[in-house]
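A.B. asks: One-letter residues, chain by chain:
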Amino acid sequence: MAAEAGKMEFGAKAHTALNDPKLRANFRRAMDGLMTKRAIQFADEAEWTSLRARGAAARANALAKLAELLEQLEANCLRNGIQVHWAETTQEANSIVLGILEAAGARTVIKGKSMVTEEMHLNAHLEKHGITPVESDLGEYIIQLAGEAPSHIVMPCIHKNKAEIAELFHDKIEGQAYTENVDELTAAARAALRGAFAGADAGISGVNFAVAETGTLVLIENEGNGRLSTTLPPLHIAVTGIEKVLEKLDDVPPLLSLLPRSATGQPITTYVNMISSPRKDGEKDGPKAVHLVLLDNGRSRVHGDTELRDTLRCIRCAACMNHCPVYTRVGGHTYTFTYPGPIGKLLTPQIEGLDCAGDQPHASTLCRACADVCPVQIPIPDLLVRLRTESVRPTSGQAVKGAGSSATAAETLGWKGWTLLYASPLVYRIGTRMLGWFGNLMPSSAPMLKQWTSVRTKPKFAAKSLHELAREKGYCDE
Amino acid sequence: MNWPARRDTAMNNPRERILSRLKAAPKAAAPLRPDWTPPTYDAAGRKAKFKAMLEASHADVHEVSPHDWPQRLKTILANKGVGNVVYAPATPAGRQLAESWAGSGPELVAYDRAVEEFKDVLVSKADAGLTTTKGGIAQTGSLVLWPTPDEPRLMSLLPPIHVALVEEASLTDSLAETIRAQGWAGAMPTNAVLVSGPSKTADIEQTLAYGVHGPKELIVLLIGSDSP
Amino acid sequence: MTTPPRPNSVYFFGTCLIDLFYPEAGLAGMELLKREGLKVVFPPKQTCCGQPARNNGYQDEARAVARLQLDAFPGDRPIVVPSGSCAGMMKTHYPEMFEGTPDHDRAVAFSKRVFELTEFLVDVLGVRLEDKGQPVTVTWHPSCHSQREAGVIEQPKALLRQLANVTLVENPREKECCGFGGAFAVRQAEISAAMVADKVASIEETGATQVVSGDCGCLMNITGAAEKSRKGFKGRHIAEFILERCHGR
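Chains as they are written, first to last, in my numbering: chain A, 591 to 1068; chain B, 74 to 301; chain C, 50 to 298.
In case anyone wonders, no lab produced these hints; they're calculated from the structure. Careful, some of the hints might be misleading.
As the list claims (entries may be wrong) - Quick list of simulated restraints, FRET-style, between CB atoms:
1. A:Gly994 x B:Ala258: 45 to 51 Å
2. C:Gly124 x A:Lys1054: 23 to 29 Å
3. A:Pro1037 x C:Gly124: 40 to 46 Å
4. C:Arg222 x B:Gly156: 50 to 56 Å
Unchecked claim - Think about it this way: if two alpha-carbon atoms lie no more than 16 Å apart in a straight line, the pair counts; the simulated EDC-like pairs of lysine to aspartate or glutamate are:
5. B:Lys198 x B:Glu180
6. A:Lys752 x B:Glu278
7. A:Lys1006 x C:Glu73
8. C:Lys94 x A:Glu1058
9. A:Lys878 x B:Glu180
10. B:Lys96 x A:Glu661
11. A:Lys1040 x C:Glu239
12. A:Lys1063 x C:Glu73
13. A:Lys655 x A:Asp895
14. A:Lys1054 x C:Glu73
15. A:Lys1050 x C:Glu73
For clarity, every value in this text was computed on a predicted model and none was experimentally measured. The beta-carbon is built from N, C-alpha and C at its ideal position, and this holds for glycine as well.
Work out the full structure, taking the sequences as your base and the hints as a guide.
C.D. replies: Written out as structure tokens, the structure is:
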């Protein structure tokens, strides 16, 4: 998968995005709206602080006991009749899903929104084997029609405006007239997908939370397609990363109070769907078979480092990217891989490798806007710095895939030189004196200075440094 | 070379490899869960909050009495031109409905067989579905649906109108309270759903639209005590 | 919040950017403290808080430079820093940088002595400012680190609001990062350019003739871009701005 995706392409893709005024306007408007809505929900500081602490503890607790809770989850699921499968890689997970479908003779599949299945490129795999899954979430349906990848983890087609969607529907949905009326577009999607729900042999979904205590899969959504794809077809396959476990049912309410409010500024999603078993004897509907696929894909390695483990607390609310000044300007596709924004800059290098995505942790000013709003207190900027460190100076034990891959002799030497200057008062005094005399002679086209001066005037070295002036004014005397 | 007879082949198994990696990880202390209290309300406040949250989500809430709700419902549905209602004949509410309407009003369609024989009705012919609820949560304006063999899951999902009966006495303040008070951890059903409004989306330019795949309308009949 | 006790003397940490590019801002900061009757000492061995190395992944190098600062500011005198970014670095990260080393206790003690300049002026000294300057309209730029790491949000504005002839206009986008980010301005130069362009535009929209900030990295970025695109406003470090107003310049 890594070979297909772009290596270290962040800057190049950002260039394209930054020069697309429509994309920039769409994202700016969308992110402003989402930030405002979230702020309204969390106007009470004290409530936010205590709720967030409770939510972070629920996730941190689960990660501290992850192996034990996964075993408990599995045991309870099995006891309830849900079959459980484990996959180390996305290839294994894809094979498992395909195997379940083929064993059931399933040819038509309806999908609820699931980022982990994007991570697996599941649709492509199924299509190669003659099964075309239909995306039922409106945003995912739209991008499926457009043949694109999602650009945001909660609102997949946030990069598209009404006119673009109207054009798409008119083009791809049989008999659909061009309309920009949102109600009409929604009705068109409902009609187009209704038959797909009814005729599907299988439904595939993600999982928001998997509760170990009861063997319950919690799925949240607004449209109803999640409930439909997990109730109507005779077979339901749920896929999740191994980190989505919660220990107790009691852990659900605080996270449920955090996720929708952080994501879209809603107090709660329209539907909170809790599934604990397939159709029981006497029941009239529901799938007769339910499967849960647990995907690792590098998560156990992330878990193995107690600092980086916090990455796995993520509940996929997207608040971080909604508040990120970088994401707002370049949009989700710039990040190439499944997860964009700040969380993507943490996950992607750890899953795909720093050799592949080592530029991503650097694509940040460390402004901390993300950390301020993360409902589970992931210290995103600190973890970005950790990944930057790993990419040039691997810690022992190779905590991160591709660690050390960005180290260059030139850069290492550069920082040694910097240390020489700044760790020795004498060298510093001499060096800064020289910069005061000659620094302004550096041409604007010099490397590094060139990028700066493309949009800014050259910074001017002062003739006398503060050290010199302070000395002259007597501030250096005790 | 002879491999030992009881060579552990479990390590060739993804489950074992994943679990052993997780178990080998350095231990971090499992944090204590800090105190967190969801809001509480008095009886009047609870009802008011429940109504307000549902109405803000585009649902209609009607206060009814235990006796008159079937007739009130008939009027509401007649005004909407509803031709039929899918209902659960084996529930007390279903029986009460059938008795009260006794042939007048929208056609009552019993969901009394497996979905395999009922799908077409649900998908394209049903105008409305009526369900009871296990309760209602004030903080978020949420109905607690607890499907049973008599009241299957799709009743509240496929028909474009969902009518839900909520007993005022069953209202609770928050989900946290509900889970504890109703002992969910002891016995989760096949499926439990919190419903907090009609189906909606904001995927198209963040503009709200209703009735995407689930019901376009949610009508809540809030059943008060018997006094006038 | 308990007010820290008022000391007789303070150390001043100039920061490497001020040292090289904005020494007047450093002098202004020291003079503001001196005017309040404090003895201000500028230890000559100081250089840089080490943040550039830390942020680029060179922890050993960052630690070596940070250690020099621990050496340069002995004792328990408060250390006043005219930069939210450097103050944030020293307050928040010095303890963890020295964890597991013999300097850890020293680093923890050091971090507790660090104050951002406006934080010190307002919270410790409770300064009263008299405005002798001409009417002017300004807007404030809070650096990301001062807002979110050093926790300094209201103090600078409180100071500006004390100045009777200064009209402080709020920038609705004030909290958004200006795009400097140290090496980011070079590594992701285009994104940085887009961010500073938006910041400059939002400042221009306020109608202010000056943007005042507590961080010279941001100032260099914003004023550099404003000058290049010939915008009408100037940029000033808050220490310089306040001192000028107090002197009627």
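A.B. asks: Now look at each hint and say whether the structure bears it out.
C.D. replies: Quick rundown of the hints versus the structure:
Against the hinted window of 45 to 51 Å, the Cβ-Cβ separation of Gly994 (chain A) and Ala258 (chain B) comes to about 47 Å, which satisfies the hint. Judged by the Cβ atoms, the range 23 to 29 Å given for Gly124 (chain C) and Lys1054 (chain A) holds: they are separated by roughly 28 Å. At roughly 42 Å, the beta-carbon separation of Pro1037 (chain A) and Gly124 (chain C) lies within the given 40 to 46 Å, and the hint holds. The given range of 50 to 56 Å is respected by Arg222 (chain C) and Gly156 (chain B), whose C-beta atoms sit roughly 54 Å from each other.
Restraint check for Lys198 (chain B) and Glu180 (chain B): the C-alpha separation of about 12 Å stays at or below 16 Å, so the hint holds. For a cut-off of 16 Å, the pair hint linking Lys752 (chain A) to Glu278 (chain B) stands: about 6 Å separates their Cα positions. Between Lys1006 (chain A) and Glu73 (chain C), the direct Cα distance comes to roughly 30 Å. Violation of the 16 Å bound is thereby established for this hinted pair. Proximity of Lys94 (chain C) to Glu1058 (chain A) is assessed by CA-CA distance (about 12 Å); at most 16 Å being required, the pair is judged to hold.
Proximity of Lys878 (chain A) to Glu180 (chain B) is assessed by CA-CA distance (about 30 Å); at most 16 Å being required, the pair is judged violated. Restraint check for Lys96 (chain B) and Glu661 (chain A): the C-alpha separation of about 11 Å stays at or below 16 Å, so the hint holds. Straight-line distance between C-alpha atoms of Lys1040 (chain A) and Glu239 (chain C) comes to about 12 Å, which keeps the hinted pair within the 16 Å bound. Between Lys1063 (chain A) and Glu73 (chain C), the direct Cα distance comes to roughly 12 Å. Compliance with the 16 Å bound is thereby established for this hinted pair.
The suggested pairing of Lys655 (chain A) with Asp895 (chain A) holds, with an alpha-carbon distance near 14 Å, which does not exceed 16 Å. Of the pairs offered as hints, the one joining Lys1054 (chain A) and Glu73 (chain C) holds, with about 10 Å between alpha carbons and a cut-off of 16 Å not exceeded. At roughly 13 Å between alpha-carbon atoms, Lys1050 (chain A) and Glu73 (chain C) fall within 16 Å of each other, so this suggested pair holds.
Violated hints for the displayed structure, listed by number in ascending order: 7, 9.
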